Amino acid sequence: MKKTLTLCVLALASCTAPSTLHTIADRETFNAIAPEFSSYVLADGKLTQEQKDRRLLAVETWRMRIEAAEVIK
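FYI, the numbering for the sequence shown is 1 to 73, going by the working numbering.
It should be emphasised that the hints constitute simulated quantities derived from the structure, not laboratory data. It is possible that some hints are incorrect.
Claimed, not checked - Derived CB-CB ranges, DEER-like: (1) I72 x I33: 32 to 38 Å; (2) L42 x L21: 28 to 34 Å; (3) T20 x M64: 14 to 20 Å.
Treat the numbers as computed from the prediction; the structure is a model and nothing was measured. Cβ atoms here follow ideal geometry from the backbone N, Cα and C, with glycine treated the same way.
Given these sequences and hints, build the entire structure.
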């Protein structure tokens, strides 16, 4: 019974928002990578506008997910 309860608690915990440390690490990774990546995308003449837009949207949604997780904390 005790093992089952522990497993249930762990399963429920995995459904919650990311941990504070995970959010901090994700923010630091974003701050290190996103500005240079965005600059590269905008300057790359081999990419079509659609390709640039998709890549920049990925950066934007990454930022939004981090900000949402930061608000939860």
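Okay, the hints, checked on the actual structure:
The hinted range of 32 to 38 Å is not satisfied by I72 and I33, whose Cβ atoms lie roughly 23 Å apart. At roughly 32 Å, the beta carbons of L42 and L21 sit within the given window of 28 to 34 Å. Between T20 and M64 the C-beta distance comes to about 18 Å, which sits within the given range of 14 to 20 Å.
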